[in-house]
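Colleague: Sequence:
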Amino acid sequence: MIKIKNLLFALSIATPLMAQSNPDSLIEVIRNNAKDSIILTKIFEKLSPTKEYKDSIYDKVVIEFIKSSASNGWANGVAKGNDLAGNRYYARGNFSKAQEYFQNIIVLSQKTKIPVAIIANAYKMLAGILFNTGNAEGAIEKANNAIDLFQQINDTLSLAKTINLLGGIYWNLGKLEMASEKLFQALKLREKLGDSLGVAHAYNNIGLIYDTQGKQNQALDMYYKALTIYQKLKNDLGVGRASNNIA
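Be aware that the sequence shown starts at 50, since it is given in the numbering used here, and climbs by one per residue.
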């Protein structure tokens with residue numbers, strides 16, 4: 050009964066603390082509650098929404114979260130903090146800083162057990178970073194590492210996204226057959242998930258590959274399939290894109 054009361058008390062103080070938006074205040078909360086994973090998790094959740102990624106004002110809070118987690122031997126907290134920091138820097142196009150944090154996760158995973166999902170995401174993000182910085186071969190290696198891990202944990206959505214990324218890398222290298230193969234794999238996974246928008250994007254991308262190969266009839270077939278879905282979803286951007294490809 051005492052444990053339950055303590056838990057309720059911890060949650061009750063966490064709520065007003067998380068109402069604070071001042072970075073210095075949050076850092077103070079982290080330092081004063083460094084051994085309290087409940088409060089640290091609440092702070093992590095506050096910083097996690099993707100809409101917050103482009104605001105650099107909270108970067109030092111994330112760094113303090115990582116430091117506190119490390120000092121208390123909370124490996125999962127260190128991994129989550131590095132993942133969050135990497136995603137935040139990636140969203141701003143700071144690939145060198147993002148790469149540093151995602152690489153930290155890979156190194157950490159070789160020393161201690163952390164969630165496979167975080168490791169897989171680190172590999173996926175590193176693949177995107179290497180691709181964007183001109184290292185296509187390195188990107189392929191990281192993407193395949195991510196694919197293996199996403200398959201292990203049956204994360205179909207992340208698997209589809211990573212295979213789609215791999216298809217884009219092959220496309221950029223001019224390896225159109227390999228690109229087409231990967232995009233079709235991603236398409237099947239999107240269909241399995243019932244992800245209509247993802248399916249439409251896949252059809253459109255496959256159509257572009259057919260176009261590049263001079264296979265006009267097959268390209269048009271894909272564009273029309275994409276257009277039909279975009280229209281059903283009332284996705285004006287997609288409708289415009291597919292219509293432009295058909296024209």
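The set of hints was computed from the structure by calculation and includes no laboratory data. Owing to the predicted nature of the structure, the values given are computational and were not obtained by experimental measurement. Be aware that one or more of the hints could be misleading.
Calculated pairs, DSS-like style, for lysine-lysine (alpha carbon to alpha carbon, straight line, at most 25 Å) [unchecked claim]:
id	residue 1	residue 2
1	264	100
2	210	116
3	160	116
4	146	210
Colleague: Now tell me, hint by hint, if it's right for this structure.
Modeller: Quick rundown of the hints versus the structure:
{"no.": "1", "hint": "264 with 100", "verdict": "violated, 40 Å"}
{"no.": "2", "hint": "210 with 116", "verdict": "violated, 31 Å"}
{"no.": "3", "hint": "160 with 116", "verdict": "holds, 17 Å"}
{"no.": "4", "hint": "146 with 210", "verdict": "holds, 23 Å"}
When held up to the earlier numbered hints, the structure conflicts with 1, 2 and fits the remainder.
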